[in-house]
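Per our numbering, residue 975 is the first one in the sequence shown, and the count goes up by one each step.
The hints are simulated quantities; they were obtained by calculation from the structure and are not laboratory data.
Heads up, the beta-carbon is just placed ideally off N, CA and C, and yes, glycines get one too.
Do not rely on the hints blindly, as some may be mistaken.
[Stated by the list, open to error] Simulated DEER-style distance windows between Cβ atoms: (1) Glu1305 - Glu1043: 55 to 65 angstroms; (2) Asn1125 - Thr1401: 20 to 30 angstroms; (3) Arg1057 - Ala1439: 32 to 42 angstroms.
[What the hints assert, rightly or not] With a cut-off of at most 25 angstroms between alpha-carbon atoms, the simulated DSS-like pairs for lysine-lysine come out as follows: (4) Lys1478 - Lys1463; (5) Lys1441 - Lys1529; (6) Lys1191 - Lys1441; (7) Lys1191 - Lys1065.
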Amino acid sequence: MNKQFTMVLLLFLILFVTGNSQTINDLIPRDESFYIQSSLNYNYDQHGYWDIPGNSAILRERSPLIVSEFISPENDRKYAVRRSSVPGFVKIHIDGIAGFLDFIGRSDSNGVRLVFNKPNENGNQEFTFRYNGHGRFKIYNRNGKVISLENRSSDSGRTVILWDDNDGPWTEWVLISTVTNKPLLPDDKINERRRQTGEDMTGIGTLYIQSAMNFGKNASGFLRNSGNKLFSGDLKEVGQGFKFNILQSASDFAYYNLVSGAGTNLMLSADPAGSAITFKEADLTGIQNFRFQYRGNGRVKIYAQDGRVLALKNAAEKTNGYVELTEDSEEAHTEWYLIDSDKNRIALPEGKTTQQITLEKFSVGEPGEIADAFRLIDEVYEIVSRLQPATEQTLSKISALQRTIGGAFLLTSGIEKLTARMNNTLTAIAPLTKIPALGLALKPLTVTLDFSKTQLENVKNGIDAFKKPVIDPVYENISFAFSRVITLKTQLSVHKEKLYSLKKDIYEMYKSGEYDKAILFSGNVFERLKSVRSAMGLIGTALSQVDMVCDVLNKIQEPVGKVNTGLAEFEKKYREIDKIADEVNEVLDRRLVREIAGVKIDVSLREVLNGGDISSSVEGYVQNWAEGLLRPLIEKSKIKLPELPGILDFKSVLAGSVDAAGEAKKRGAGIEMITESIAPLLDQLTFEPGLR
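All chains should be built: construct the whole structure from the sequences, respecting the hints.
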C-alpha cells in the first residue's frame, strides 16, 4: 500500500472515530440536577454530601466546597453539569445559580481547596468525569488532579480538595438525582459500547506489562517509559518507568488510556504518521486511545484506536528493545501479559479466566517406565505448587520493603514542596508585621515558621547526603531481587503447564497403543526431571534466604514510618497556617470606601500596609479599621508546629542496610541461575523426530 495513502487513511480513521466517540461527560444529563455524595458514605449513612457552609440563600464568591450531613434539600446541595468551551471537559455549577466549581492555587499542587466562583475562562473551572462502575465517578481537573476528600475523611465540615490521582472511595463520588433520589448508573450504555470494541478492563490497578516472548523465561521484555518513549527492558530497574495504569479514556469510554506511573498525566500516544510510540500529556484525542483483546491463558493484545497492534520490533526477544505499532499478526511478539504490581499476579479483563490444570485424570496403574515418569511428574508438580505460595510470600516482603525505601526516597521531594509553601506563607504574612501591634502578636508564628523551615531543610540535606551511597544501592539491590522472584513466579506457572503437557502426551500415546514410543519418551522425562527436582529444591532454599534478608531489612520500616508519620502530622498542622495565609491575602484586598470629616477614603488594606498616602486627619481611623480586620486572623495564628521525630534512627538503620540489601541481590541472582538451568531441561523434553 502506498505510504502516503496509508498516512491519510490513518488520519481519517482517527478523525472518524473521534467524531463518533462518546465520553462519560456525555452520559451525564444536562437537564437534571444531582446531589453529590462521597462513595465512602453512599448506602451507609447521610454524610459526605457536597455542601457550602452557611446560609444557602447567601452564596459568596470563593465559597468553599465542603462535605456535610444531608439534612434537607437546600439549593446549595444541588449541582448540575453543563458543557465547556474546552473539548472533553464540562463545568459543574450550583443548580440555578452562576456559581461554578473552581479552585484557588496552582492546578498541579496537592491539597488545593475547591470553591464556587463566578464564571471565568481561566481553565480552573473545567473538569472531566471518569466512571468506575456501580455508580461511582472520579472527577479530574485539566491537570489530571482528582477531586478528593481532605485527609480521606468525610466528617462534616471537611473540605474537598485536588490531589494526585489515586484509587479509593475518598476519590469517588455518586451522583444522586434530585428528582428520583436514585444514583446515575450509565453501566448499560457503557457496556453496550465496549462490547463493540474490546475487553472490559475496569478495576485493573497498577501494572507491569511483559511480552509473551519473555514471559516465563526471563525478566526482559517489560514495557518501559524511558525519556517519554516506549521501550522494552529488564525489570531489575523496577520503578524506573515500568509501571502503568489503565484508565478509562476521557475522549471515548469504549477505550482506555495507558498512563505512565502513578500521579502523572503522561499517556501512551500512537503517532498516526508512523510507528513511533511516545508519552504525552493528555490531549483527549484518539491517538491516546487503546483497546484490549483477550487471547486466552492470560495473554492480551493491545490495539491503538486506528487498528494497529502493539508489538516488539523485529519480533526481537532482547534485554532492551524497541516497541512499535504494526499490522496485526498471530505471532507472540504481538501478545502481552498484564501483571498486577501490587498482587504480583496476572491481571485479567472482567469476566475472563485462565486454564485450570489438574494431573489426576492422566493416571495409569501399570508399573514400569511410564508409571515412574508419572510419579516423578506428579512429585515435581507438587514441589512447584508448594513453591508458588512461597514465592508470593517473598514477593510480598520485597514489595513492602520497596515501598518503605521508596518512601525514604520520596521524603526529599515532599520536604522540598513543604518548604516552598512555608516560604509563601512567610511572604504572605510579612506585610502584617508592618503594623507594630500586629507584628508583635505575629512574632511567635514567624519564629515557629523560621525554625520549622530550618529543621525541614536540615532533614532534607541529611537524606540527600544518604541518597547516593545508601538509599540508591539499597533500592536497586532490592529491586533486582524483586525482578528475579517475580520472573520465577511466572516461570513456575509455565513449568506447571509444561508438566501437564508432558503427562498428557505420554498418556495419549499410551492409550492409543503406541507403547514403545511412550516408554522411550517416559525414560527421557524421568532422567531429566530428576535434575529439575534437585534444582527446585535449591529454589526453595534461595527463597528462604531472601526471606531472611527481608526480615533483617524490616527494621527500616519503623523509623521510616515514624518520619513519614511525623511529616504527615507536621503537614496537617501546617495546613491550618496555610489557610490563614490564604485568608490574609483575601483580607488584604478589602477596601475602605468612606467619607470622614470631609475626607474621601478609597483604599485597600494592602495599600495601607504598603505605606499608601493617607491624610493624617484620618490615619488613626484607617489604622483601627486595619487592625479590626486583621485581629481575628492573629488569634487564629497561635499555632505551634510539631518537631519531626526519628531522624537519627532513620539515618542509622539506613546506613546498616547496604550489606543486607546486597545479600538480597546475590540471592536473587542465585535464583536466576537456577531457573535458567531448569528451563532448557523442560524445553528439551519433546519427542525425538520420527517418534511421533
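Consistency of the hints with the structure:
1. The hinted range of 55 to 65 angstroms is satisfied by Glu1305 and Glu1043, whose Cβ atoms lie roughly 59 angstroms apart.
2. With their beta carbons about 26 angstroms apart, Asn1125 and Thr1401 fall inside the hinted range of 20 to 30 angstroms.
3. For the pair Arg1057 and Ala1439, the beta carbons lie near 53 angstroms from each other, so the given range of 32 to 42 angstroms is not met.
4. For the suggested pair Lys1478 and Lys1463, the alpha carbons sit about 23 angstroms apart, so the restraint of at most 25 angstroms is met.
5. Straight-line distance between C-alpha atoms of Lys1441 and Lys1529 comes to about 18 angstroms, which keeps the hinted pair within the 25 angstroms bound.
6. Taking the CA atoms of Lys1191 and Lys1441, the gap is about 33 angstroms. The hint is violated against a cut of 25 angstroms.
7. Between the alpha carbons of Lys1191 and Lys1065 the distance comes to roughly 50 angstroms, so the proposed pair goes past 25 angstroms and is violated.
Figure legend: structure checked against the earlier numbered hints; hints not met, in rising order: 3, 6 and 7.
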